[in-house]
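The opening position of the sequence shown corresponds to residue 11 in the working numbering, with each subsequent residue numbered one higher.
Honestly, the hints are just simulated from the structure, not real lab data. Backbone N, C-alpha and C define an ideal beta-carbon position, used for all residues, glycine too. It is possible that part of the hints are untrue.
As the list claims (entries may be wrong) - Derived DEER-like restraints, expressed as beta-carbon distance ranges:
#	residue 1	residue 2	range
1	89	236	47 to 53 Å
2	189	93	43 to 49 Å
3	160	189	28 to 34 Å
4	186	93	49 to 55 Å
5	323	106	34 to 40 Å
6	106	163	28 to 34 Å
7	312	92	29 to 35 Å
8	105	149	32 to 38 Å
9	248	105	50 to 56 Å
10	97	301	24 to 30 Å
11	247	309	36 to 42 Å
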Amino acid sequence: MLTADERLEFKTARVIGASNQMTPRLNIQRNGRAWLLLGFMGILWGLSFSLAKMATEGGAHPIGINYWVCLIGAAVLISGSFILRRPLPLRRDVLIVCTVCGVLGSVIPGTAYFYAASRLSPGVLSITIATVPLMTFLAAAVLGVERVSTTRLLGVFLGVLSIALLIGPSTSLPDRSAVPWVLLAVSSALCYTAENLFVAIRMPADVNIYTIVGGMFLAATIIMTPLVVITGTFEPLPWPWGRSEWAILGMAAITVSAYGLFLYLIRYAGPVFASQTAYVVTLSGVIWGIMIFDDEHSLWVWLSLGVMMLALGLVTPRKDKSQLAAPPEHVNIP
11 MLTADERLEF
21 KTARVIGASN
31 QMTPRLNIQR
41 NGRAWLLLGF
51 MGILWGLSFS
61 LAKMATEGGA
71 HPIGINYWVC
81 LIGAAVLISG
91 SFILRRPLPL
101 RRDVLIVCTV
111 CGVLGSVIPG
121 TAYFYAASRL
131 SPGVLSITIA
141 TVPLMTFLAA
151 AVLGVERVST
161 TRLLGVFLGV
171 LSIALLIGPS
181 TSLPDRSAVP
191 WVLLAVSSAL
201 CYTAENLFVA
211 IRMPADVNIY
221 TIVGGMFLAA
231 TIIMTPLVVI
241 TGTFEPLPWP
251 WGRSEWAILG
261 MAAITVSAYG
271 LFLYLIRYAG
281 PVFASQTAYV
291 VTLSGVIWGI
301 MIFDDEHSLW
311 VWLSLGVMML
321 ALGLVTPRKD
331 KSQLAAPPEH
341 VNIP
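Given only the sequences and the hints, what does the whole structure look like? Please build it.
Here is the structure:
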């Protein structure tokens, strides 16, 4: 009789198309590919904070920047959906999800982050975005979706401490006027938390996720169109493109590609492994800021970063040893 581990190994090998057993070499290849994907995606996503700073420094208005990111994302994904013959279903449940996610995932937090990017360094901004998984766990625990443990609650506490280290000491930030913008960025993370929970509850199971994301960007674009017209914040992209225009296009490309890679990583290596992206995004956001803008941070900011990394480590669920060796059965791994 096979042991539980042997049955799992046999089952996994069958799923990915092996003969009747998982070889160590194949397992190493899967681990290596998953880590490469995680690293590449996290580094790419971390660059978006510096690009946001670059776009705002070029004089582009935060509302206009967010409008272009949503518009380009919608154009790419909606076009792809039609090419793949997976158009957005015009059903009530789908339209509600796209609209709510468009507001909670793009219109409000996107605009707020671009406002904050004009006042904060990319490194500080990347630390604030790390509060999203902490808030998501806390909200899910309150709703009874996630299991509560002392370790994970300690992680949430450390996340709060990390933000306190950013805004509390008088020498933490270069200018005390930046404190409200840190709080705005953290408050905006609540929108992403609400979006995560809404998606978990209301996401239609019969609609392709990329189609939904395209619909989300489309809804955000429709909502923001009258806003940019009324406020006069539309940003033309005249040729030849300058630093600000290239930054806007870069952020749009990252939004589409990194999000797609994240979804692929969830299916390839599992959600627990993919959740570790938060580490790479935050760290790379700080490093990109140093490389591009020569950012110099106080000791308090570095301490805040270290505490936030520890907080993420405590809140992230423990990784099952067989996770990379056993992808979900319904996923077709190339």
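> At the C-beta level, are residue 89 and residue 236 separated by a distance inside 47 to 53 Å?
Replying inline: violated (24 Å)
> Measuring from beta carbon to beta carbon, are residue 97 and residue 301 in 24 to 30 Å?
Replying inline: Between residue 97 and residue 301, where Cβ atoms are some 41 Å apart, the hint is violated.
> Taking the beta carbons of residue 312 and residue 92, is their distance inside 29 to 35 Å?
Replying inline: Distance hint for residue 312, residue 92 is violated at roughly 48 Å.
> Is the gap between the beta carbons of residue 323 and residue 106 within 34 to 40 Å?
Replying inline: The hint (34 to 40 Å, Cβ to Cβ) holds, given that residue 323 and residue 106 are roughly 36 Å apart.
> When you take the CB atoms of residue 106 and residue 163, is the distance between them in 28 to 34 Å?
Replying inline: Once the Cβ atoms are compared, 33 Å apart, the range 28 to 34 Å for residue 163 and residue 106 holds.
> In this structure, is the beta-carbon distance linking residue 189 and residue 93 contained in 43 to 49 Å?
Replying inline: holds (47 Å)
> When you take the CB atoms of residue 247 and residue 309, is the distance between them in 36 to 42 Å?
Replying inline: At roughly 40 Å between Cβ atoms, residue 309 and residue 247 fall inside 36 to 42 Å, so the hint holds.
> In this structure, is the beta-carbon distance linking residue 248 and residue 105 contained in 50 to 56 Å?
Replying inline: 35 Å Cβ-Cβ, so the 50 to 56 Å window is violated.
> Would you say the C-beta atoms of residue 186 and residue 93 sit inside 49 to 55 Å of each other?
Replying inline: holds (51 Å)
>> Can you tell me whether the CB distance of residue 105 to residue 149 sits inside 32 to 38 Å?
In response: violated (24 Å)
> If you check the beta carbons of residue 160 and residue 189, does the distance land in 28 to 34 Å?
Replying inline: With a Cβ separation near 31 Å, residue 160 and residue 189 satisfy 28 to 34 Å, so the hint holds.
Against the hints set out earlier in the document, violations occur for numbers 1, 7, 8, 9, 10.
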